[in-house]
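Chemist: All letters in the sequence shown, in the order written, are residues -21 to -1, 1 to 180 by mature numbering (1 follows the signal peptide of the UniProt record, and there is no 0).
FYI, nobody ran anything at the bench for these hints, they're computed from the structure.
Mixed in with the good hints, there may be bad ones.
Per label pair, the in silico range of CB-to-CB distance [as the list claims (entries may be wrong)]:
no., residue 1, residue 2, range
1, PHE138, GLU52, 55 to 65 Å
2, TRP137, VAL106, 12 to 22 Å
3, SER170, ARG134, 22 to 32 Å
4, THR19, VAL(-12), 14 to 24 Å
Beta carbons are placed, not taken as given, at the ideal position from N, Cα and C, and that holds for glycine.
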Amino acid sequence: MTVCLGLICVLLLVIIIFITAKRESLLNSYKNTVEEINQTINNLQDNYTDLTQKKLELENSFNSLSQKKMELESKVTELTREASKQGFFFISCELKSWSESRKYCRDRGADLVIINTEEKQRLISSVVKDRVWIGLSDIETEGRMIWVDNSTLNRGFWFRGEPNNYEGNEDCVELIPTNDSVNNWNDLPCSEKRKGICEKN
């Protein structure tokens, strides 16, 4: 009887040890699984944070590009409007007097160019390669420069010392292409032969 009880006690002890070991193993396994899940959650949270930051950066970049696009579209509209106001230009092929050059332009539905802004002056200066007549003269009243549309000259883009009405016979104005794209007008006799730059609106 004692032996049987001893065997039963040993058997129970073995069973308890086995169950305890199994329980520890399961607990460790569960613990590892929980740690892996927590690590995955942390990684996902980090990724989410990174993606949120990148999303904000992309939204800022998009807004900045949209603003630049609007600015460029506005600039294109402004330039198109300015170009439409200026019309288009063409230069005569032959050397003619100021009056003949004006006639050449008018026969083609245009007139000698009027330059009333620095932007237009720079534009004209950038395209001409030869000395050209422009639509400015003081033929009617000496010293009173008038454009071909009868408007008075408000701002001139003269060479230094010009207009000087040399020998009292310089009533018409030419533009001479130089390195200075702003101040390059000169007065000279209207009978001189030059190409003319025409403007058609």
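Chemist: All the hints need checking, so say for each whether the structure fits it.
Modeler: Okay, the hints, checked on the actual structure:
For the hinted restraint 55 to 65 Å between PHE138 and GLU52, the CB-CB distance of approximately 39 Å leaves it violated. Restraint check, TRP137 to VAL106: a C-beta distance of roughly 20 Å satisfies the suggested window 12 to 22 Å. Roughly 27 Å separates the CB atoms of SER170 and ARG134, a value that falls within the hinted 22 to 32 Å. The hint said 14 to 24 Å for the Cβ distance between THR19 and VAL(-12), and at roughly 45 Å that hint is violated.
Checked against the numbered hints given earlier, this structure breaks hints 1, 4; the rest are met.
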